[in-house]
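Trainee: Protein sequences appear in the order of chains A and B.
Residue numbers for the first sequence follow our numbering, beginning at 656 and rising by one.
Residue numbers for the second sequence follow our numbering, beginning at 91 and rising by one.
One or more of the hints may lead you astray.
[Claimed, not checked] Computed list of lysine to aspartate or glutamate pairs in EDC-like fashion (alpha-carbon distance at most 16 Å, straight line):
{"hint": "1", "chain 1": "A", "residue 1": "K841", "chain 2": "A", "residue 2": "E687"}
{"hint": "2", "chain 1": "B", "residue 1": "K436", "chain 2": "A", "residue 2": "E736"}
{"hint": "3", "chain 1": "A", "residue 1": "K868", "chain 2": "A", "residue 2": "E682"}
{"hint": "4", "chain 1": "B", "residue 1": "K117", "chain 2": "A", "residue 2": "D775"}
{"hint": "5", "chain 1": "A", "residue 1": "K684", "chain 2": "A", "residue 2": "E716"}
{"hint": "6", "chain 1": "B", "residue 1": "K124", "chain 2": "A", "residue 2": "E736"}
{"hint": "7", "chain 1": "A", "residue 1": "K718", "chain 2": "A", "residue 2": "D678"}
{"hint": "8", "chain 1": "A", "residue 1": "K740", "chain 2": "A", "residue 2": "E817"}
{"hint": "9", "chain 1": "B", "residue 1": "K343", "chain 2": "B", "residue 2": "E196"}
Read the hints as simulated data drawn from the structure, not as lab findings.
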Amino acid sequence: MIKVEGLSKRFTHKHGKVTALNDVSFEIKDGEFLSITGPSGSGKSTLLLALGGMSSPSSGEGKVFWNNESVYDWNLNTRTEWRAKNIGFVFQTFNLIPYLNVFENVSIALSLSGNKEVNDEGIMKILDRLKLSDRLDHTPNELSVGQQQRVALARALIKNPEIILADEPTGNLDSQTAAEIISLLKEVNQEGKIVVFITHDSNLAKITNRNIKLIDGRIA
Amino acid sequence: MAGLLLAAAVGVEVEDVAQNRVIYKMKISNLVIKEMFQRSNQLFFSLLAITLGIAVIVGIKNITYFSEKAISRELDELGANILILPKSVTVQDYYSADFQDDEIPEQYVNILTNSDIAGLDNLSPKLSLPIEVNGHKTILTGILPINEFKSKTSWQGALGVFSRPEGCGTVNVIPGINDSIKNIVRKRVVEDLGASDVLLGHDTADILKVKEADSIKILGKSFTIKAVLPVTGTVDDNRIFAHLHTVQKLSGKESVLNVIEIVGCCAEISKGLIQKLNKLLPDAKVVTITQIVQTQLNTNKLMSKLTMIMLIVIFLIGGASIANYMFANIYERRREIGILTAMGAKPFWIIKVFLLKTLFIGTAGGLIGSVTGILMAIILGPKIAGIPVLPMPILILYGLIVAIVISLIASIVPVIRATKIDPYIIMQEE
Numbered sequence: 656m657i658k659v660e661g662l663s664k665r666f667t668h669k670h671g672k673v674t675a676l677n678d679v680s681f682e683i684k685d686g687e688f689l690s691i692t693g694p695s696g697s698g699k700s701t702l703l704l705a706l707g708g709m710s711s712p713s714s715g716e717g718k719v720f721w722n723n724e725s726v727y728d729w730n731l732n733t734r735t736e737w738r739a740k741n742i743g744f745v746f747q748t749f750n751l752i753p754y755l756n757v758f759e760n761v762s763i764a765l766s767l768s769g770n771k772e773v774n775d776e777g778i779m780k781i782l783d784r785l786k787l788s789d790r791l792d793h794t795p796n797e798l799s800v801g802q803q804q805r806v807a808l809a810r811a812l813i814k815n816p817e818i819i820l821a822d823e824p825t826g827n828l829d830s831q832t833a834a835e836i837i838s839l840l841k842e843v844n845q846e847g848k849i850v851v852f853i854t855h856d857s858n859l860a861k862i863t864n865r866n867i868k869l870i871d872g873r874i875a
Numbered sequence: 091m092a093g094l095l096l097a098a099a100v101g102v103e104v105e106d107v108a109q110n111r112v113i114y115k116m117k118i119s120n121l122v123i124k125e126m127f128q129r130s131n132q133l134f135f136s137l138l139a140i141t142l143g144i145a146v147i148v149g150i151k152n153i154t155y156f157s158e159k160a161i162s163r164e165l166d167e168l169g170a171n172i173l174i175l176p177k178s179v180t181v182q183d184y185y186s187a188d189f190q191d192d193e194i195p196e197q198y199v200n201i202l203t204n205s206d207i208a209g210l211d212n213l214s215p216k217l218s219l220p221i222e223v224n225g226h227k228t229i230l231t232g233i234l235p236i237n238e239f240k241s242k243t244s245w246q247g248a249l250g251v252f253s254r255p256e257g258c259g260t261v262n263v264i265p266g267i268n269d270s271i272k273n274i275v276r277k278r279v280v281e282d283l284g285a286s287d288v289l290l291g292h293d294t295a296d297i298l299k300v301k302e303a304d305s306i307k308i309l310g311k312s313f314t315i316k317a318v319l320p321v322t323g324t325v326d327d328n329r330i331f332a333h334l335h336t337v338q339k340l341s342g343k344e345s346v347l348n349v350i351e352i353v354g355c356c357a358e359i360s361k362g363l364i365q366k367l368n369k370l371l372p373d374a375k376v377v378t379i380t381q382i383v384q385t386q387l388n389t390n391k392l393m394s395k396l397t398m399i400m401l402i403v404i405f406l407i408g409g410a411s412i413a414n415y416m417f418a419n420i421y422e423r424r425r426e427i428g429i430l431t432a433m434g435a436k437p438f439w440i441i442k443v444f445l446l447k448t449l450f451i452g453t454a455g456g457l458i459g460s461v462t463g464i465l466m467a468i469i470l471g472p473k474i475a476g477i478p479v480l481p482m483p484i485l486i487l488y489g490l491i492v493a494i495v496i497s498l499i500a501s502i503v504p505v506i507r508a509t510k511i512d513p514y515i516i517m518q519e520e
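The following block holds chain B by itself, in its conformation from the complex:
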């Protein structure tokens, strides 16, 4: 019965024949499994090498995925990295005054959103003008809420600009005033802003002694304070935000802007996004905020490089281990290979035996390694990277494929060598 169970476990056909005898039908898989378990020490260490390798790859991949997201969020806090300005305006003007006399047409937003340029994230058209409220000098900035983009048929393509492309992380613009406040502080992007709503910078609200839900008169029009923004330490603290079209009407500057701020995908910037924008808007000045872009690019490059270096190291170590195991195994079994050849095993049959073995090791190592890697990531991720890490089941498939590919590649040379073993030499060793 034990024999029956064992045979069934390793996938061989089992028959009961007369006289209570058990008959095992030989299959290649049976041969391979029996051989592996006969040399269980070799199998264990080979499996251990591939399992650990895959566990490290999968673990790093899992942690990296979530740390990249975390870094993306951090980088996003830096705000816009591309400015579209009137030709005569410099970045210094933008930083010092944050408003200009020169304007660019609002039509540029249409051109941008209808273009096929990838990597434009969080487009923020803006018109600023100096105003005085209750004797206090401040800046009124018109911004365009996301729902304006959604409502215009010709801007339907623009919805993509509020979700980052793959490789840039993901920034969710969540509806709700609190998140909108966060977004406007960072990127001047807000989900919804009524024609009579304003958002007040912290200092302005302080000086004017107003609070959320109060009314305020600006350029002769009454507004409701939808929210008071938290302290940012920037010019935004002394600013009032209203709907772009309201500001345009109040200033008599219909359909014009001072600036379009963009959080451009850093991967696309490195692929020539700025040149594409310059070509698309030849009458405007397209500039990058170098420090931000460089930080984003450098961080992304570093992360990619680290992951790639790890992958290469593991690939080499895992591959060398498997290759070493296969070479040793084939050397040890050269007489057996000779015997099988003498019995009529063709080279392809020998290849099948060893590749099946490789496949078993790769599959087992891939599965065990992937699960171990994911568990390691969940447990160690928060400790190492300081971020919560969730399991990514897709990495099991990834680990499985990597393990099988490593095993197969590492086995090619040893297996080819196995088919070249001269049975004559084996017999002569007797």
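Excised from the complex, chain A in its bound form:
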């Protein structure tokens, strides 16, 4: 279970201070399928990164709990290990490592997670499931955008994380491929994982259990 309590995040730019999140509180239950919507600059990505232990609250302003433990009270190494094992990120622009092939892009995530239960055959199973087994030695620039996002999803899933955090995973995809990806995320959720994704598409948000709408860093 994830619990967010009074979370605020402020940035200082050369043009002044910006409040990305302002006293945000909510809970995500185990197995929940959650969407976050809101206009650009409303703090969606900041919230997603904060949930993944990558964006600490501004000093003393809120906490993020993972199974009742405050994530940002851990030291950096503990938080990184926790993220490596429990969080799978998926990004709008896929963010695959350009010089690694499909298999290596997935394999490196497994190496970093320290998960020794999954072996090369496990990687193959995931890639088979995501219809990528015939693209093993292809680099990202040799793949279609849909295939790239599937590799990104495989990379997130390979370490068998508790939570999938997806930042506009369908933002760069055509409607058919977007539907495929959302369908895969739903499948993953049905296997018992928490899935949180950001979307601008209100229709996609409707298929989730719950939607959180952010406006100016606050839950609307």
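Knowing the structure of chain A, use the given hints to seat chain B on it.
Mentor: Structure of chain B alone, referenced to chain A:
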């Protein structure tokens, strides 16, 4: 198969699994190598900078080593640079007459050879007296051959005085009359000289009309002329050299000397060798032949300075090039670093990735640069410095260490900066 070969070449584990699929296991080294070759232009120019830098350092080092030896030999031709004289005798006396009435005890040689003073090279005790041979006035100079030093147990420590310490070059006293002649002309050091042997200065031999192997009578004793010395243009041309102990007996001046000439290591002279000698022999006068010492010191200083300046310049250029490459590389890969961090890469893992890369570049640049530098030295050395240059394999290790150290030092700041990249900022750039 090509994939298998490539994977094997870059050191990754390879497995064949069902359905003829090849599986690559990811290692940091694999990640680093693939990244380097993906940006092959950057890699090439960075490697070129470090390779050229190391090639120049190693080449200069190789040439300098042999040119220092050559200069040492040249400087050595200047002869003794330290004189130990009786208190009342001046350097002018030494130059004008080359013999004195005042004497110093031969015991001083024992004191010098048994002392722990470093930098005493080619010790040459000497006793000179004016004589007349067949109506011709000349000087009989007693010298001590090296084998006398070797034969005396108490002088065993003296053998070091015939081999120059590190930094002074090397002067080999090679057995054999021809080399002995060369040595006596320069330093009055000779390997072997029998009790009845003499060496004649060129003018003396000319005037007396004698040649090698002839007999000659000096102070009532018959001597065999072991060699006639070549023309030196100095007082040595009008001189006869015999064994020191023979001259002492003939003159009735047992166990005394006029002078001890020393080729002192110039590096040690600059560190206070003269003061040490004065302290060791308070009843003698220790003087340096300033011109010779200054020439040696100045030459050595110049060589050291030039090498050091080159090393610093190359160090800075090579270091700046690597640092620039690493900064650019890290900037270009900041999103990738953010992704890796999001996937769970700890700061130490990021450091390992970049330091491994630095190590690859340093090792490759060091090896290629060292070999290139040595080849350059062999080919260009004779043309530039006019001396034969031999390969020095130890410089490969030297070049390798310098390249790795430069690369690592230059990478410290960029790599630390890489660990500070905020993954949040990277995501916001999308």
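Trainee: Decide, hint by hint, whether the structure agrees.
Mentor: A quick look at each hint next to the structure:
| no. | hint | verdict |
| --- | --- | --- |
| 1 | K841(A) with E687(A) | 10 Å, holds |
| 2 | K436(B) with E736(A) | 8 Å, holds |
| 3 | K868(A) with E682(A) | 14 Å, holds |
| 4 | K117(B) with D775(A) | 13 Å, holds |
| 5 | K684(A) with E716(A) | 23 Å, violated |
| 6 | K124(B) with E736(A) | 26 Å, violated |
| 7 | K718(A) with D678(A) | 10 Å, holds |
| 8 | K740(A) with E817(A) | 8 Å, holds |
| 9 | K343(B) with E196(B) | 10 Å, holds |
Comparing the model with each earlier hint shows violations of hints 5, 6; every other hint is respected.
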